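**Q** Work the whole structure out from these sequences, hints included.
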Amino acid sequence: MKRLTLLLTLILGAYLIWSVEDLPEWGDPTSPASTYLSPHYIENIVEETSVPNLVTAILADYRGYDTMFETVVVFCAGLTVLTILRRTERKNKKVSTPRPQREGSDIILQNTARLLIPPMQLFALYVIAHGHHSPGGGFQGGVILGASFILLALSYDLKKTLKRFKESSMLFYSGLGVLIYAGIGVVCLLLGKNFLAYAAWSNFLGITELEAHSHGMLGVEIGVAITVMAIMFSLYADLASGGDLDEGL
Amino acid sequence: MILDNTILWQFDVLLLPMVIICALAALTIKDLVGAAIVTGAYSFLMCLLWTEMLAVDVAFTEAAVGAGVSTILLLATALHIKRKAKD
Amino acid sequence: MDNVLTYIVSGYNYWAALILIMIGMYGMIAKNNLLKKVIGMSIFQSAIILFYISISYKSNASIPIIAHGHGVADHTAIDPNLYVNPLPHVLMLTAIVVGVATLGVALAVLQKIYRVHGTIEEDEILESIKE
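Protein chains in written order, with this note's numbering: chain L, 1 to 249; chain C, 1 to 87; chain X, 1 to 131.
With a straight-line cut-off of 30 Å between C-alpha atoms, the simulated DSS-like cross-links for lysine-lysine are:
hint, chain 1, residue 1, chain 2, residue 2
1, L, 166, X, 112
2, C, 84, L, 2
3, C, 86, X, 112
4, X, 37, C, 82
5, C, 30, X, 112
6, X, 37, C, 30
7, C, 30, C, 86
8, X, 37, C, 86
9, X, 37, X, 130
10, C, 84, L, 159
11, C, 86, L, 2
12, X, 112, L, 159
13, C, 84, C, 30
14, L, 160, X, 112
15, L, 2, X, 130
16, C, 84, X, 112
17, C, 82, C, 30
18, L, 160, C, 82
19, X, 37, X, 112
20, L, 2, X, 112
21, X, 130, C, 86
22, X, 112, X, 130
These are computed hints drawn from the structure, not numbers from a lab.
Remember, predicted model here, so these are calculated numbers, not experimental data.
**A** Set out below in structure tokens:
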């Protein structure tokens with residue numbers, strides 16, 4: 001079995017080496033990947049959306065439909081993990097090996113976490129709000145927000161964290177983010193433009209169409225961040241407790 | 001603002017072998033907790049590589065997702081199952 | 001000889017991505033432990049992302065954020081050669097986030113398998129299914 005796999009891998013490797021020859025030269029500005037569509041984005045992005053960060057602008061505006069369904073994929077993954085692992089009744093006896101007992105609480109770890117978590121959450125909000133002008137955006141900010149809750153659960157206790165951020169509110173927030181994203185698109189439809197064409201918001205908010213693109217992207221990023229935050233913490237809570245939500249690692 | 005690409009290959013020569021070594025180590029270590037930690041190191045080196053290729057947003061995401069949350073999830077699973085792997 | 005050397009050196013990122021794809025594929029198929037298979041899958045995924053990012057790179061270019069892009073009225077002269085190709089970055093950014101979601105689902109299935117069979121070694125699971 002192992003030898004067969006090695007042979008198969010080597011055949012794949014030889015095939016890939018053979019195809020490296022056809023790839024464009026390293027760092028070539030006129031390679032096929034950089035000639036057709038991307039120059040249009042780079043040249044016109046400030047005129048069309050007034051957002052200088054190209055990645056955020058393409059992610060949330062030009063390819064907004066794509067990103068909406070990426071958010072739905074993350075949402076579905078969170079629900080799947082919940083369906084597979086979660087068990088509310090403790091009738092089935094635990095098969096997992098007994099884990100080493102928690103030796104009291106570590107005061108240094110807990111106080112460091114207390115000092116670290118508020119700046120982390122503030123930084124996450126900055127990353128979401130400033131994603132138009134600097135690296136960042138909804139996905140990154142949402143993951144950092146979720147990681148702050150994971151840090152709380154790691155340093156204190158999963159139970160204590162779940163009192164602050166209940167399982168029902170996790171599910172509520174993960175749905176709310178998708179709803180915000182889709183809602184912004186549907187409002188564009190109702191105002192007489194295409195789905196997720198943010199320019200439709202200009203009359204409604206009393207701003208120019210260019211600013212409406214920027215504001216619409218911000219709203220969409222907030223939706224993405226809420227979903228990603230809730231799902232990241234939900235994944236951790238389910239996987240770390242084996243579906244019981246009683247104790248963390 | 002504009003970076004000259006002649007300064008970049010020294011980083012590459014350092015980082016690419018380390019990435020490959022980490023990938024091999026993550027698959028060969030028999031202790032699953034160790035394998036999870038090495039996977040985190042692999043993700044972080046990958047993030048440095050992408051920063052150096054000027055893909056700042058992708059590197060930021062990888063630093064938060066790959067080196068942060070993925071490692072924690074792998075660690076959580078490795079602590080729930082038998083730690084020793086056969087191969 | 002010199003020609004071959006420049007050929008190898010000119011695209012070393014492609015070579016690294018290629019080696020990592022081979023390592024990931026070997027891990028996914030040959031490893032007996034299911035968690036090792038999942039780790040192999042994530043190595044395969046990062047290798048493909050590395051390949052895409054390598055394609056997006058342009059020499060003598062800058063990060064894909066337009067300099068002084070906000071609040072200036074006329075932007076007639078933006079040279080595309082000064083910024084790296086942003087399109088692969090967008091595709092790969094979403095791929096990473098979806099990657100962690102699929103990793104979570106894979107690990108949940110793995111824990112469920114352990115709960116039912118008491119092991120995550122492939123051969124032992126096959127034996128316990130046969131019985």
